[in-house]
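Line by line, the protein sequences are chains L, U and E. Going by this note's numbering, the first sequence opens with residue 60, and the numbers climb by one from there. Going by this note's numbering, the second sequence opens with residue 12, and the numbers climb by one from there. Going by this note's numbering, the third sequence opens with residue 430, and the numbers climb by one from there.
Accuracy of the hints is not assured; some may be wrong.
Said to hold, decoys possible - Using 27 Å as the maximum straight-line C-alpha spacing, the simulated DSSO-like pairs for lysine-lysine come out as follows:
1. E:Lys562 - E:Lys543
2. U:Lys265 - E:Lys446
3. E:Lys507 - U:Lys17
4. U:Lys17 - E:Lys565
The set of hints was computed from the structure by calculation and includes no laboratory data.
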Amino acid sequence: MWYYVDPHSGVPIYVQLKEQVKKAVASGLLKEGEQLPSVRELALRLTINPNTVYKVYQELEREGIIETARGLGTFVALKKQKDAALQEAALDRALENLMVEAYQLSVDSKTLKEQFLKKLANWKERLRKGDEDNDMGN
Amino acid sequence: MTVMNKALILKELREARWKLVVGTGLLAAMAIGLALVYETIRDFIFMVPQDQLERYGNLFPPNVFTSYSVYIWSQWNAKNLTQIGTILAILTGMSLIAGEFHGQTAGFLLTRPVSRRVVFFSKAAAGAIILVTAVTVSTLTLILTASFTPHSVEAGRLLVAAGITLLGILVIFAVTMLFSTLIEDPVKAGGAAVLVVVLISALGLLAQTRKLSLFTHMNAARYFLGGVFPAVPVVLMALSVIVLLVAGCQIFCKKEV
Amino acid sequence: MTWAIELDGLTKSFRGKMAVENLSLNVEAGSILGFLGQNGAGKTTTIKMMLGLLRPDSGGGRILGKSITGESLQVLRKVGYVAEVQQMYGYMSVNEILNFSRQFYSRWNSALIKRYLDFFSLPSKEKIKNLSKGMKTQLALILAMAHEPEVLVLDEPSSGLDPINRQEFLRIILDEISLQGKTVFLSSHQLHDVERVADKVAFINQGRLLDVRSMDNLKTTVKKIRVVFQREPGSSLFSQPGITEVSREGSAYLIAVEENLEGILAEIKKYPYFTLDIIDQNLEEIFIEKVRGDRHE
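Sequences are here, hints too, so could you generate the full structure?
Written as structure tokens, this is what we have:
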């Protein structure tokens, strides 16, 4: 996978990198059990501070997205192993942001619900297609 | 407690190698020359009428030709060795410290983990090695060349006299190194040293101050002609070298880059 | 937390002109500190005091626990230093200066030297005076790393390097120093380099330290908020701690925030508004704002 960060944006590098891994895992670009580059490899490839990569991996591990096997490396975690409570908290945060945004845009509940369901259906469709393309149905 | 570092001494010797080669070579060439031309000059002097000779009075004092040994001493210790040695001491000393600042290499040198004291005394040692080599090699050349002439030279006394002259040269070297530490420009440091040398020789011109001049003592006249070892001047010269170098080192240790 | 570098009240003036004033700064072991300031802000003076090349008028500090004023030799044994313009002995060849420097250290990593001489294609028999500016900088980096220092101090190291070489230079520092758990003090006005690699950033202006903060904290909390209110908010809103500047254009406000972003946002949201944008600030924008703000004071 192509990792990319823009060190000169106003968003911290660790946030950029973390979001990137999360998106890659969510979209199936990074598959369950797939190995991630080592801290050293990624830091040198992107020319960023190894402490930053380390911080990203630590936070992702805490969120149950990746796991580190001592001496073997860092891997994308199996879905069932994710901590339910953490998962719920993360989802809650995302939903909160959605609500704030909707409120600011003065979107009413009905429209919000409709759009949400539409998006969900759309996403499922994409995931299904992706699985077929990659022959990865489970 | 280390006061010198081999790598530093070698570096300085390398930087000053032309001074060593040219200085020693020039002195040796002069030594060979003056050892061989004794008869020619003596015969020339005897041919010149007395009143004409008066004019050369300064160059060749009347008793110079009484013996070959005295001639050699008067031309070597009292003239060539002192003059060329003084110039060589200034040329060697002026760039040792100032050169590092002028060339902006001081920052590199002084961020190596080596004490300032070691840096200073290694540089002083390198300078001293150059001067000792030049004086020793050329004086030995002089004695060797003289041994091929039909005349005899008092080799032992000449060597001791050369040692006294060398000590004087080292005083001038130490003065120059002090200026090299104070003034961060080799040429200006050398100029300051020349000024001091001129002042010292001015002292030698007046009868009242003659005894205060370094040049009065470093030609070893009292030793070679009078036969008395000048213990007090020798001790004073040695002390001057030490005091001047220690003072230079103190200033160098406090120097900012 | 262990500090690799502790500077305490460093002060230095030249002929009555203050160059560094009461500068206190700690650098965590294993981190990279970006030391940012304009030319003449006092960066080099600070570094020279750290290395014992200049004596502070007052104040002091420790590097790896050794006093920078009293134990310079011990400091220099454990520190590698790349100066802005490192004049080295031009008559020496690359090999000769490496051998010269080697005599002063007990540790010496020949394999590392060989690796980077090859990597940079530095001609080891070439005299230093014949090297290009970029090559001299590369040689200075090798010389600074050869004794495996615990702390690497870099003073505007990438001047004379093109962008590709600059990136390589940074990568080597990350590989040989940061990934070995060692500390980097990177003084620069090349904000791009600092922005890539620094854990923390220290801003210096006119000899005074303006701020020291982690890069992540800076980029998370230093923001501009553009908000268009539905009706005029109370002026007490703008006296919130953390707000550095408020400018107004009609009913639109541009609020510069340095700290307490969450709290300020919460306050703002108490008033009805039409639009609210949070504008990210990159290091350059933050830096310019800080220096500008310092001048106004």
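For each hint, the structure was consulted:
no.	hint	verdict
1	E:Lys562 - E:Lys543	holds, 20 Å
2	U:Lys265 - E:Lys446	holds, 20 Å
3	E:Lys507 - U:Lys17	holds, 22 Å
4	U:Lys17 - E:Lys565	holds, 26 Å
In this structure, none of the earlier numbered hints is contradicted; all agree with it.
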